[in-house]
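Chemist: Given next are the chains, with one letter for each unit.
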Amino acid sequence: MNYDRFVNPEVAAVPPSGIRRFFDLASTMRDVISLGVGEPDFVTPYHIRNAAISSLLAGETQYTANRGLPELRRENAGYMEARFQVSYSPDTDIVVTVGASEGIDIALRAVVSRGDEVLLPDPSYVSYSPSVLFAGGVPVPIRTKAENGFRLTAEAVRAACTPRTKALILPYPNNPTGGIMERADLEALAQVVREKDLLVINDEIYAELTYGDLVHVSFASLPGMWERTLTLNGFSKAFAMTGWRVGFICGPKELMEIINKIHQYAIMCAPRQSQVAAIEALRRGREDGYHDIVMMRESYDRRRRLMLEGFRGMGLSCFEPLGAFYVFPSIETTGMDSETFCSRLLQEEHIACVPGTAFGESGEGHIRCSYATALEKLNIALERIHAFIRRN
Amino acid sequence: MTRLETSLLDLLQEDCRLPLEKLAVMTGATVSEVAEAIDNLEKDGIILRYAPTINWEKTDRDRVEAMIEVRVTPQRDMGFDAVAQRIYGFDEVKSLYLMSGSYDLLVLVEARTLKELAMFVSEKLATLEMVTGTATSFVLKRYKEDNVIFTQPKDDGRQVIVP
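These protein sequences, in sequence, are chains E and G. Numbering follows our numbering, in which position 217 of the first sequence is assigned residue number 213; successive positions increment by one, without gaps. Numbers in our numbering are just positions in the second sequence, counted from 1, shifted up by 5.
Treat the hints with care, since some could be wrong.
What the hints assert, rightly or not - Residues of chain E placed beyond 12 Å of chain G at every Cβ, according to the derived structure:
id, residue
1, 9
2, 24
3, 106
4, 118
5, 179
6, 180
7, 187
8, 220
9, 257
10, 328
11, 332
12, 358
Stated by the list, open to error - DSSO-like cross-link-like pairs, simulated, lysine-lysine; straight-line CA separation at most 30 Å:
id, chain 1, residue 1, chain 2, residue 2
13, G, 149, E, 373
14, E, 162, E, 249
15, G, 149, G, 63
16, G, 120, E, 373
17, E, 249, E, 192
18, G, 48, G, 99
19, E, 192, E, 141
20, E, 373, G, 146
21, G, 99, G, 63
To be verified - Some chain G residues near chain E, calculated using beta-carbon distances under 7 Å:
id, residue
22, 59
23, 163
24, 165
25, 166
What the hints contain is simulated information worked out from the structure, not anything from laboratory work. Just so it is clear, the structure is predicted and the values come from calculations on it, not from any experiment. Idealized CB from N, CA, C, for every residue including glycine.
Same shape as in the complex, but just chain E:
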């Protein structure tokens, strides 16, 4: 049967994810050490799992309000205020989503009209560009560079703007580069946002994972930017809750009305047990100084240093990532492109990394290595990558 008649050509035209091929290959191999996993290697803290179990046993199996359990929205608002000094009303400014992923999708669909241009840093997370396309918009990648710490500069954003530019996706700390944006960078960006009348979709899923003395600055906390910002966050990275699929969007109520309209018709509500678990994560965090996050961040930070030193020790140029849990070394000196490097590394050394090109054309010459993996495995992986590089 020919399905061409039934398939939406605009969806068919969107290229499949660049990691699919590696996934298929790596899945068939045994003894692969994977540095390709973009999720924490911690299991969700026990008290959080236990809260969900208790809720199930108590028979809490119904839908919740579309926007999410009121108690969770109150906790979300308290969390945003305490951690990032941004105020949102739990009643009108917050929608609980099925992970930040749903947030990206419905924020874009709520905002983008056909032909609208949406700016996004390149490289960045794989789903932004397709989500813009699915919403009928035109993704406009802005190349970021290692020498600028993979930051989005105000000049580059200004240069990319056209009369059709409507929004900017701001995903920092960044997957795959580990780059962050500091207050001064964001202030410069805010100028352009004001000048060009843009909306900012600020994906802060890695906000809790910054290293050194740096604390994440939320774009909406800058003067005049609250009104122009949709802030996406979630529990996957900060609380090791990837499989629960629970996150939230915050923004001005006029926009949240529209976003909630899509959410209520498409999704109804985020899974109840995940919302209950999220309440426990935030409530306990509030009471114990976010102990879960502090422990995990310390553990990532040690591994981050190990990986950075490891790659630099191999003679590769490696930008120091100050956020998320990835290193993004340059493999240009090997003469291989990212795809070839990763294919051969997988075949010859059984180490899985993700080619930088999976995250956009500007990722060429880099590989993404996640250090959210057991220390002993990281050490073996570094040794094998070093051996591979020496041979080539």
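Guided by the hints, dock chain G onto chain E, whose structure is given.
Modeler: Frame of chain E, contents of chain G only:
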């Protein structure tokens, strides 16, 4: 306790074979600072030894473990410490704790066979003059020790590659 010492204890507890160079990189200290901190932790009796956690059930060695609750009469002037000293001297005693609650000392005992263990209790432990009573419970299966869950699946449950 310095921040470096705390970090080193965390790391060494996870893997005590990590070389000094790696420990230095991960803690952001120099190799000599790390070496000095570890020396101090050893001298201060904070790090007592470097030993693996072994799942003996997977070996062919015969081994029986028991936890024995012991009630004792404390010794004049020496309290419980003198009693403890008399007990922890035995090779069979793996661990010994002074407890609050309905008994005084908890003794973790290991022997090759059930018979050996029974002999230890009846002939060595129960016959000490200050021991007024014992209750022995045998370990049937070990699920978790030193933070390591023994029955943990090897696969960590994650997909091989995740964007």
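Chemist: Run every hint past the structure and note whether it holds.
Modeler: A quick look at each hint next to the structure:
1. Against the 12 Å criterion, residue 9 of chain E stays outside the reach of chain G, whose nearest CB is about 20 Å from its own CB.
2. The Cβ of residue 24 of chain E sits about 10 Å from the closest Cβ of chain G, inside the 12 Å cut-off, so the non-interface label is violated.
3. Every CB of chain G lies more than 12 Å from the CB of residue 106 of chain E, the least distance being 23 Å, so the non-interface label holds.
4. Residue-level check passed: residue 118 of chain E sits 15 Å from the nearest beta carbon of chain G, beyond 12 Å.
5. Non-interface status of residue 179 of chain E relative to chain G is upheld: no Cβ of that chain comes within 12 Å, the nearest being about 24 Å off.
6. Against chain G, the non-interface label of residue 180 of chain E holds: every CB pair exceeds 12 Å, the least being about 25 Å.
7. With a minimum CB-CB distance of about 32 Å to chain G, residue 187 of chain E clears the 12 Å threshold, and the non-interface call stands.
8. Look at residue 220 of chain E: its CB is around 33 Å from the nearest CB on chain G, clear of 12 Å, so calling it non-interface holds up.
9. With a cut of 12 Å on Cβ distances, residue 257 of chain E stays outside the contact zone with chain G, its closest approach being about 28 Å.
10. Every Cβ of chain G is farther than 12 Å from the Cβ of residue 328 of chain E; the closest lies at roughly 22 Å, confirming the non-interface assignment.
11. Remark: the non-interface label on residue 332 of chain E is consistent with the geometry, its nearest Cβ contact in chain G lying 19 Å away (cut-off 12 Å).
12. With a cut of 12 Å on Cβ distances, residue 358 of chain E stays outside the contact zone with chain G, its closest approach being about 16 Å.
13. The suggested pairing of residue 149 of chain G with residue 373 of chain E holds, with an alpha-carbon distance near 22 Å, which does not exceed 30 Å.
14. A C-alpha spacing of about 19 Å is found between residue 162 of chain E and residue 249 of chain E, which places the hinted pair at or below 30 Å, so the restraint holds.
15. Taking the CA atoms of residue 149 of chain G and residue 63 of chain G, the gap is near 14 Å; set against the 30 Å cutoff, the hint holds.
16. A threshold of 30 Å between alpha carbons decides the hint, and for residue 120 of chain G with residue 373 of chain E the separation of about 43 Å lies outside it, so the pair is violated.
17. Note on residue 249 of chain E and residue 192 of chain E: the hinted pairing holds, with a Cα-Cα distance of about 22 Å set against a maximum of 30 Å.
18. Under the criterion of a C-alpha separation no larger than 30 Å, the hint pairing residue 48 of chain G with residue 99 of chain G is consistent with the structure, at around 23 Å.
19. This hinted pair checks out: residue 192 of chain E and residue 141 of chain E have alpha carbons roughly 23 Å apart, not beyond 30 Å.
20. With a C-alpha separation of about 29 Å, the suggested pair residue 373 of chain E and residue 146 of chain G falls inside the 30 Å cut-off, and the hint holds.
21. At most 30 Å may separate the alpha-carbon atoms for a hinted pair to count; residue 99 of chain G and residue 63 of chain G meet this at roughly 20 Å.
22. Residue-level restraint check for residue 59 of chain G is violated (minimum Cβ-Cβ distance to chain E is 17 Å; threshold 7 Å).
23. Against a cut-off of 7 Å between C-beta atoms, the interface hint on residue 163 of chain G holds, since the closest Cβ of chain E lies about 5 Å away.
24. Hint status for residue 165 of chain G relative to chain E: holds, with the closest Cβ pair at about 4 Å, below 7 Å.
25. Annotation: residue 166 of chain G was flagged as interfacial toward chain E, and the flag holds, the nearest CB pair being 4 Å apart, inside 7 Å.
Violated hints, in rising order: 2, 16 and 22; the structure is consistent with all others.
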